[in-house]
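Number of protein chains: 2
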Amino acid sequence: MKSKIKFVENMQFVGTADSGHAVVMDAPPSAGGNNIGSKPSELLLMAFGGCSGMDVISILRKKKQDVTNFEINVNGETPESHPRSFTDIHIEYIVTGRNVSEEAVKRAIELSLGNYCMVGNTIGKAAKITHSYKIVQE
Amino acid sequence: MKSKIKFVENMQFVGTADSGHAVVMDAPPSAGGNNIGSKPSELLLMAFGGCSGMDVISILRKKKQDVTNFEINVNGETPESHPRSFTDIHIEYIVTGRNVSEEAVKRAIELSLGNYCMVGNTIGKAAKITHSYKIVQE
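Each protein sequence line maps, in turn, to chains A and B. Numbered per our numbering, the first sequence spans residues 195 to 332. Numbered per our numbering, the second sequence spans residues 195 to 332.
Heads up, some of the hints might be wrong.
One copy or two, either will do: identical chains are not told apart, so a pair holds if it fits within one copy or between any two.
Mimicking BS3-like on lysine-lysine, the simulated pairs with C-alpha atoms at most 27 Å apart in a straight line are [unchecked claim]:
1. LYS300 <-> LYS256
2. LYS258 <-> LYS322
3. LYS196 <-> LYS258
4. LYS328 <-> LYS256
5. LYS198 <-> LYS258
Read the hints as simulated data drawn from the structure, not as lab findings.
Only chain A is shown next, with the shape it has when bound in the complex (with noise of 0.2 Å):
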């Protein structure tokens, strides 16, 4: 897999991948950025949380499940102390439905954290991955 970042000028880059997307990135003001694209520590979090949900999604859609709303937040915790890396990263899953089944939702979060999800794979043995979630029935 392969991804190309290009600088644009003072802390602006524009990451783009096989996929043919392009991402833009930036840092605050604070270091030295204009706050005109996502920080790649953001990124990372949200791509968690992109990986996870698709794998969850789909597996409740091959069950049969009526979601009609679904939100994952991940927060990720990091020291203050350098080198900084992300120590603990939390996954909540917010699944909206009619009867949504309990038993789906935690089997569906189970695959995915549990084998299918790569990007949850990778940083999961960086971090301490840790998951919740809430069902909300309609």
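On the provided structure of chain A, position chain B as indicated by the hints.
Relative to the frame of chain A, chain B by itself:
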């Protein structure tokens, strides 16, 4: 650091985080998506390139280097066997400029990968990171 990832349709998700910028994520048709956004695993590689790129450009700027163009290639290897994760990631820095000091470039990369880059520090615990650089004098 907080991020929120919201399901849109099919395999499409939109991620946002503290800095307020949205990123569209999707899967290729082979995985049930429509390829109208970055793959999460691509975002991971781009996040690494952007993170380290910001370090390197700001260090080169402090060292008064006249950089006219700067590109980074990040390639990730993943075995086909499950659970899949990135095992090897190579980052290549291509610095173009006038009288750019090789020592300055080497030192900037060393500081980024050895200490400053939070994304690199995180995924470096999971995958073997190698690097190379090219300097193009104008």
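These are the hints, each one checked on the structure:
{"no.": "1", "hint": "LYS300 <-> LYS256", "verdict": "within (14 Å within a copy, 50 Å between copies)"}
{"no.": "2", "hint": "LYS258 <-> LYS322", "verdict": "neither (32 Å within a copy, 40 Å between copies)"}
{"no.": "3", "hint": "LYS196 <-> LYS258", "verdict": "neither (35 Å within a copy, 31 Å between copies)"}
{"no.": "4", "hint": "LYS328 <-> LYS256", "verdict": "within (20 Å within a copy, 48 Å between copies)"}
{"no.": "5", "hint": "LYS198 <-> LYS258", "verdict": "between (39 Å within a copy, 25 Å between copies)"}
When each numbered hint is compared with the structure, violations occur for hints 2 and 3.
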